[in-house]
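*Asks:* Spelled out from the first residue to the last, the chains are:
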Amino acid sequence: MTDTRETTQATGQDHGHDHGQDHGPLSYRFLTLIWAGLMVLTAITVAVSKVDLGFMNVAVALGVASIKASLVIFFFMHLKYENWIIKGMVLTAFVILAIAIGLTFVDVGYRY
Amino acid sequence: MAEVAAPLVHKDYHASKMGMWLFLFTEILLFGGLFLLYASYRAKFPQAFHEGGKTLDVFIGGLNTVVLITSSLTVALSITALRRGALVFCQCLLAFTVACAGTFMVNKFIEWSAKFHHGLIPGSEHMAQLPQGQSVFYGLYFAMTGLHGIHVIIGASVILWVMLLIKQGKVTGEDYVVLENAGLYWHIVDLVWIYLFPLFYLIS
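First to last, the sequence lines map onto chains X and B. Residue numbering for the first sequence follows the working numbering, beginning at 1 and increasing consecutively. Residue numbering for the second sequence follows the working numbering, beginning at 1 and increasing consecutively.
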């Protein structure tokens, strides 16, 4: 994977003309590190599920899944490097989803 | 990388990406609705969901998690490769991604076949006659992993299409937003699986 790194490692701004982009491409090395983090988190979530922690099992599984989701969204999906409009849009979408889920649980939680 | 001419076609990099994100929000709400259904039925039938989760194969589920996350990496790498002008490497990475999608679907086929062997076939008499909690659990399992599987197939097809565009020189190191948007779609597919895997296979 390293042999094709023909350009400089610097994420320099040598592409000033490319569609108003502020950043150069993310390096192979950085992306691979994110992948390694995701692999470690997957191993952790599988390992924790083998131990009976009661309700905490659900909390840990969803917590780890959310950390993994953040890594994918911010780095693989490049959100960290987007402008504030797209960041605000994504935030709005997830807040709406959270409201939908939260309000439903206000109902479901008291029903059964 | 020399031909930077033909500026007559109007292209808006940021608008393209914004449009893709807007589409992804509809996907998030689509799966979000199903996750909501899962959560409320899980609250109603905790025992059946617990028993149901135990019958799923954590090994295959985990393997598919590794396959999808790795394929997400190779898509992200392919954008870097394209922008650095490493066209062959870029195509190899995308081909690998499609191969991962194929592997994922083969595993899914094995998994579903095993369930079918036990008479758990969506819409069958047997499923309808199961205790309510169980039939809801397997119903959601088939609906959610099935819808996700369809997304895997669509995502792989889109990546194949982008590979063709790169080969034709229509997507290049200077004009790569199509690859980025295809990548965004693929990452959403990965994202959904990141939640499906613990919810169905691990929480039991």
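Derived by calculation from the structure, the hints in this document are not laboratory data. Virtual Cβ for every residue (Gly too), placed ideally from N, Cα, C. Be careful, since some hints might not be right.
[As the list claims (entries may be wrong)] With a straight-line cut-off of 30 Å between C-alpha atoms, the simulated DSBU-like cross-links for lysine-lysine are:
hint	chain 1	residue 1	chain 2	residue 2
1	B	K11	B	K115
2	B	K17	X	K87
3	X	K80	B	K17
[Said to hold, decoys possible] Short derived list, chain X residues pointing at chain B, Cβ under 8 Å:
hint	residue
4	A47
5	S70
6	I99
*Asks:* If a hint holds in the structure, say so; if it does not, say that too.
*Replies:* Each hint tested on the structure:
1. B:K11 - B:K115: Not OK: K11 (chain B) and K115 (chain B) at ~48 Å, beyond 30 Å, violated.
2. B:K17 - X:K87: 12 Å, holds
3. X:K80 - B:K17: Between K80 (chain X) and K17 (chain B) the Cα gap is close to 14 Å, so the pair holds against 30 Å.
4. A47: Violated, because the Cβ-Cβ distance from A47 (chain X) to chain B comes to roughly 10 Å (cut-off 8 Å).
5. S70: 10 Å, violated
6. I99: 11 Å, violated
Taken one by one, the earlier hints fail for this structure at numbers 1, 4, 5, 6, listed in ascending order.
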